[in-house]
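Asks: So you can see what is in the structure, the chains are spelled out below.
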Amino acid sequence: MSRTKQPLGVYIHIPFCARKCAYCDFLSAPASTETMERYVECLKEEIRAAAEGLRENYQAATIFFGGGTPSILSGRLLCSVLEELYRQLPVEAGAEITVECNPGTLTEEKLSAYRAAGVNRLSIGLQSADNRELQALGRIHTYEEFLESFELARRKGFRNLNVDLMSALPGQTREGWLSTLSRVAGLGPEHISAYSLIIEEGTPFYEKYREGTPGHALLPNEDEDRLMYEDTKEFLREKGYERYEISNYARPGFACRHNLSYWERTDYKGFGIGAASLLGHVRYTNSSDLAAYLKGNFSYESVLPLSRKDELEETMFLGLRKSEGIILTEQMKDIYGEILERLQREGLLARQGERIFLTDRGIDVSNCVLAEFLLEEEL
Amino acid sequence: MTKTEQSRIRNFCIIAHIDHGKSTLADRIIEMTGLLTSREMQAQVLDNMDLERERGITIKAQAVRTIYKAKDGEEYTFNLIDTPGHVDFNYEVSRSLAACEGAVLVVDAAQGIEAQTLANVYLALDHDLEVVPVINKVDLPSAEPQRVIDEIEDVIGLEAQDAPQISAKTGLNVEQVLEAIVEKIPAPGGDPEAPLKALIFDSLYDSYKGVIVFCRIMEGTVKKGTAIRMMATGAEAEVVEVGYFGAGQFIPSDELSAGMVGYITASIKNVRDTRVGDTITDRDRPCDKALPGYKKVLPMVYCGMYPADGAKYPDLRDALEKLQLNDASLQFEPETSIALGFGFRCGFLGLLHLEIIQERLEREYNLDLVTTAPGVIYKVYKTNGEVIELTNPSNLPDPAEIEHMEEPFVSAEIMVTTEFIGPIMELCQERRGVYLGMEYMEETRALLKYELPLNEIIYDFFDALKSRSRGYASFDYEMKGYEPADLVKLDILINKEEVDALSFIVHSSTAYERGRKMCEKLKEEIPRHLFEIPIQAAIGSKIIARETVKAVRKDVLAKCYGGDITRKKKLLEKQKEGKKRMRQIGNVEIPQKAFMSVLKLDDR
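Chains as they are written, first to last, in the numbering used here: chain A, 1 to 379; chain W, 1 to 604.
Next comes chain A alone, as it looks inside the complex (with noise of 0.2 Å):
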């Protein structure tokens, strides 16, 4: 008799675009139909040679095609690595399978391999819906675009969609703003995230829009920031969207799982460049080395074994990005006893018997929060 198997969330990154947005920083760059097809072979191959660990103790609840932009390889190329996890590791039957896509990206032949293939969720990459906005960030399509892949995607059969929008852009207004999500919300996705752009640095956003520079005055100020975050929880809300994470919000039922897991600390495995891994209590990256990767080196830049410390320190600080919070253990409440007095003192944090969340107040300042709970010792 086999054991039950844990769930496994299995992450495949695809490093590739049509063009680099200019805030991105990402791991991700344009490249030849040669190199995506060689990068798809040592994908698998990578697969392969990491199954055999792993098709003991686990079983796939979760795959997320994430980049870059996975729908930029042709539905075949995508498909095969899919088959090869098929072939490699267990699958749950109902697994959350996922690709993130670009508008102008998506063709019907596309989705029809994804659909055959098993893909059950696709995340769009729309940030606005201002062509002008849009253009200004560098994305390759437009709104009208979006909204074919998006009709296209319900047309082939695809009943969990997410779109992606992106809030305090430059010259953004609060109207701007909720006259995207108004527009989008009224398509009636099951999932929404809204980001509130982060000025990376080397990136050429960065350049034209970081402190002291002319454009910095472009950007939307820290107080209209928030507001655009109030106005967008409020609004989903009366949209029927629950914010069940800082910036992810889904009707009923329809929280993207795999992300889930990110904060819920189940064990998850990447593959690609870059992709980050947590099994047992080690966390690994993989090397972002493409050209090392092409050549079939598939090494970790980093293998790092948590202490319980770190364990007890990620659990707070990744499950406190979730709306419904954690529920104390005694550990916690013996460990951060006074901090969590303090910080629930200080508005932000709220308690509800033994399960404690961010307030309001308190996501707007998570990382001062958060870093509360960085520990000075080891247990």
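Since the hints were derived computationally from the structure, they do not count as laboratory data. All of these numbers come straight from a predicted model, not from anything done at the bench. There could be a bad hint or two in this list.
What the hints assert, rightly or not - Calculated lysine to aspartate or glutamate pairs in the EDC-like style (CA-CA distance at most 16 Å, straight line):
(1) W:Lys569 <-> A:Glu372
(2) W:Lys223 <-> W:Glu255
(3) W:Lys576 <-> A:Glu372
(4) W:Lys295 <-> W:Glu573
(5) W:Lys570 <-> A:Glu372
(6) W:Lys570 <-> A:Glu314
(7) W:Lys466 <-> W:Asp476
(8) A:Lys5 <-> A:Glu92
(9) W:Lys449 <-> W:Asp486
(10) W:Lys579 <-> A:Glu376
(11) W:Lys382 <-> W:Asp486
(12) W:Lys554 <-> W:Glu532
(13) W:Lys570 <-> A:Asp310
(14) W:Lys569 <-> A:Glu311
(15) W:Lys523 <-> W:Glu547
(16) W:Lys576 <-> A:Glu314
(17) W:Lys580 <-> A:Asp310
(18) A:Lys309 <-> W:Glu573
(19) W:Lys574 <-> A:Glu376
(20) W:Lys169 <-> W:Glu255
(21) W:Lys570 <-> A:Glu311
(22) A:Lys309 <-> A:Glu372
Said to hold, decoys possible - To give a feel for the contact side, a few chain W residues facing chain A, derived at Cβ under 7 Å:
(23) Lys554
(24) Asp555
(25) Val556
(26) Leu557
(27) Gly563
(28) Leu572
(29) Gln575
(30) Lys576
Claimed, not checked - Sample of chain A residues with no beta-carbon within 12 Å of chain W, all distances over it, derived:
(31) Glu45
(32) Gly53
(33) Glu84
(34) Asn120
(35) Ala136
(36) Gly188
(37) Lys295
We treat Cβ as the ideally placed atom computed from N, Cα and C, and that holds for glycine.
Chain W: place on chain A using the hints.
Replies: Frame of chain A; chain W shown alone:
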């Protein structure tokens, strides 16, 4: 080493404006006199402290002896004595000059004479030194040697037509400098048989040899076994070793006799016993009177120094003790601050001296320091007749107990080209200066005389002077004494709590302005917290200025991608680490550098 004939000794220093190539020329001289191979040369041999190299200034006087085979076929002993270049160390400069017979004046062929150089040339001429002008950097495209030669003749009145035109960098014509030293600078005098009379121009502490005294023998001879006495401090010791200064090393010899420059060790434990300017004599056969010009150098600027980590207090004490072995002008005593814990009130010659000590503590002793605003010594006359010498503003008695207060004043002489007289007078006026008079040195140059409160010049006066005269003003001052002044203590409240380490004493006429600027400065320095923080300046219970550090509205990591938790944790750790480097006052975290804010009030 055979006995050197007096006639073949040349004792000299180099006078130059910063960047005009003093250290480079010194290197070249050392190199060309063959004491060191090029390979052994570090970039700048004379400045052997890292700090000096970085700042491009010379802190402590040093000396080097080299042998030059001149064109006349004779070997000459050159003693090159290096002099510090900052007003904080003026006294050391004057003692170094007193050890020489001549000075090489280096002038940049493009820039000409700078004001500060001029002040040092006059100082050299005052000491009857033969000044040998040298035009440096003639290889630069912008060089105008003839213009500079004329300038030297016009301004200083030195014959300069045959001045060597050199490039210390490439070595061009440096030979001529060596010959000029031989020809123009007189050999030292003094009777080797007379009772010992030697001038201390520097000293340093070595953990093996004890104090090493740098001296110039004026009269007599000193050798191993001589019982010596320092005439001012009265310290006595028996000589263990005498010798010369190699480049970066000490070369023992049998004796030092009149006219020579060298070192003496005598198992002396503390540099306090061997003050710069003091005269060494033979205990058993003393000279009739000490060399003129000795004065005890006293600290003029005080500040609090605290270890950032309270547990490092003993380390700070040890480090200060060690530095003091080498630096008699550094003083310190323990003090306590409510905000900063245990630390020391330290006394310095001036602000540069303070900064140097601070940097040495941080670099050489690996200490993380919090330094409070520097201040001077105030005299507080209490109603009960008691007089307090106040070095720490927190110790100011209750105003009701104070009869009056006095602050130290200096007599300042500022040399400036006439076009900048206006701006400089304005500056002195702003700093509460009392105009004493003005003398024209020549058509384009004037000497302004002011009486200024020391308090007003310790921070950034030197910098302000330079910036308002495009570098052309030079400045010298000496303590004049104490005068009554209308002084108040300015307190700073952060989130309604008084922070003792931020209090400072200020003239009542500038209190509002300073209070306002201090609040503005602290507003920049204190990071935003999760709550609003009022910053207030107060005199007694009266609030005179207020600023507010707004609360953080947003600090959230929206996206956390692909399960890359390590990156997120690093961000949180950085956040937490940042807090550690701050001082907690009440529930406000204050960065360490905020305690020095008062120094930057005049930033423009």
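Asks: Does each hint hold? Answer for all of them.
Replies: Cross-check of the supplied hints:
1. Using a Cα cut-off of 16 Å, the hinted pair W:Lys569 and A:Glu372 holds, with the two alpha carbons roughly 12 Å apart.
2. Among the hinted pairs, W:Lys223 with W:Glu255 is consistent with the structure: their alpha-carbon atoms are about 4 Å apart, no more than 16 Å.
3. With a C-alpha separation of about 7 Å, the suggested pair W:Lys576 and A:Glu372 falls inside the 16 Å cut-off, and the hint holds.
4. Taking the CA atoms of W:Lys295 and W:Glu573, the gap is near 54 Å; set against the 16 Å cutoff, the hint is violated.
5. For the hint linking W:Lys570 to A:Glu372, the alpha-carbon distance of about 13 Å falls within 16 Å, and the restraint holds.
6. For the hint linking W:Lys570 to A:Glu314, the alpha-carbon distance of about 12 Å falls within 16 Å, and the restraint holds.
7. Our distance criterion of 16 Å between C-alpha atoms is met by W:Lys466 and W:Asp476, whose separation comes to about 13 Å.
8. With a CA separation close to 10 Å, the supplied pair A:Lys5 and A:Glu92 stays within the 16 Å bound.
9. Straight-line distance between C-alpha atoms of W:Lys449 and W:Asp486 comes to about 23 Å, which puts the hinted pair past the 16 Å bound.
10. With a CA separation close to 13 Å, the supplied pair W:Lys579 and A:Glu376 stays within the 16 Å bound.
11. Of the pairs offered as hints, the one joining W:Lys382 and W:Asp486 holds, with about 14 Å between alpha carbons and a cut-off of 16 Å not exceeded.
12. Under the criterion of a C-alpha separation no larger than 16 Å, the hint pairing W:Lys554 with W:Glu532 is consistent with the structure, at around 14 Å.
13. Among the hinted pairs, W:Lys570 with A:Asp310 is consistent with the structure: their alpha-carbon atoms are about 12 Å apart, no more than 16 Å.
14. For the hint linking W:Lys569 to A:Glu311, the alpha-carbon distance of about 12 Å falls within 16 Å, and the restraint holds.
15. About 7 Å separates the Cα atoms of W:Lys523 and W:Glu547, which keeps this hinted pair within 16 Å; it holds.
16. With a C-alpha separation of about 15 Å, the suggested pair W:Lys576 and A:Glu314 falls inside the 16 Å cut-off, and the hint holds.
17. The hinted pair formed by W:Lys580 and A:Asp310 fails the criterion: a straight-line CA distance of about 20 Å is larger than 16 Å.
18. Straight-line distance between C-alpha atoms of A:Lys309 and W:Glu573 comes to about 14 Å, which keeps the hinted pair within the 16 Å bound.
19. At most 16 Å may separate the alpha-carbon atoms for a hinted pair to count; W:Lys574 and A:Glu376 meet this at roughly 13 Å.
20. Simply put, W:Lys169 and W:Glu255 have alpha-carbon atoms about 36 Å apart, too far for the 16 Å limit, and the pair is violated.
21. Using a Cα cut-off of 16 Å, the hinted pair W:Lys570 and A:Glu311 holds, with the two alpha carbons roughly 15 Å apart.
22. For the hint linking A:Lys309 to A:Glu372, the alpha-carbon distance of about 14 Å falls within 16 Å, and the restraint holds.
23. Annotation: interface hint on W:Lys554 holds; nearest CB of chain A at approximately 5 Å, less than 7 Å.
24. Look at W:Asp555: its Cβ gets to within about 4 Å of chain A, closer than 7 Å, so that hint holds up.
25. A hinted interface residue such as W:Val556 counts as satisfied when its beta carbon comes closer than 7 Å to some beta carbon of chain A; here the least separation is about 5 Å, so the hint holds.
26. For the restraint placing W:Leu557 at the interface with chain A, the shortest Cβ-Cβ distance is roughly 6 Å, inside the 7 Å limit, so the hint holds.
27. Contact between W:Gly563 and chain A, as hinted, is supported at the beta carbon level, the nearest pair being about 5 Å apart and thus within 7 Å.
28. Restraint check, W:Leu572 versus chain A: the minimum CB separation of about 4 Å is within 7 Å; hint holds.
29. The restraint placing W:Gln575 at the interface with chain A holds, with a minimum CB-CB distance near 4 Å, inside the 7 Å limit.
30. Contact between W:Lys576 and chain A, as hinted, is supported at the beta carbon level, the nearest pair being about 5 Å apart and thus within 7 Å.
31. For A:Glu45, the shortest C-beta to C-beta distance to chain W comes to about 20 Å, beyond the 12 Å cut-off, and the non-interface label holds.
32. Its beta-carbon lying about 19 Å from the closest one in chain W, A:Gly53 satisfies the requirement of being farther than 12 Å from that chain.
33. With a cut of 12 Å on Cβ distances, A:Glu84 stays outside the contact zone with chain W, its closest approach being about 20 Å.
34. No Cβ of chain W approaches the Cβ of A:Asn120 within 12 Å, the least distance being about 20 Å, so the stated non-interface status holds.
35. Every CB of chain W lies more than 12 Å from the CB of A:Ala136, the least distance being 19 Å, so the non-interface label holds.
36. The claim that A:Gly188 is not at the interface with chain W holds, since no C-beta of that chain comes within 12 Å of its own (minimum 24 Å).
37. The Cβ of A:Lys295 sits about 23 Å from the closest Cβ of chain W, beyond the 12 Å cut-off, so the non-interface label holds.
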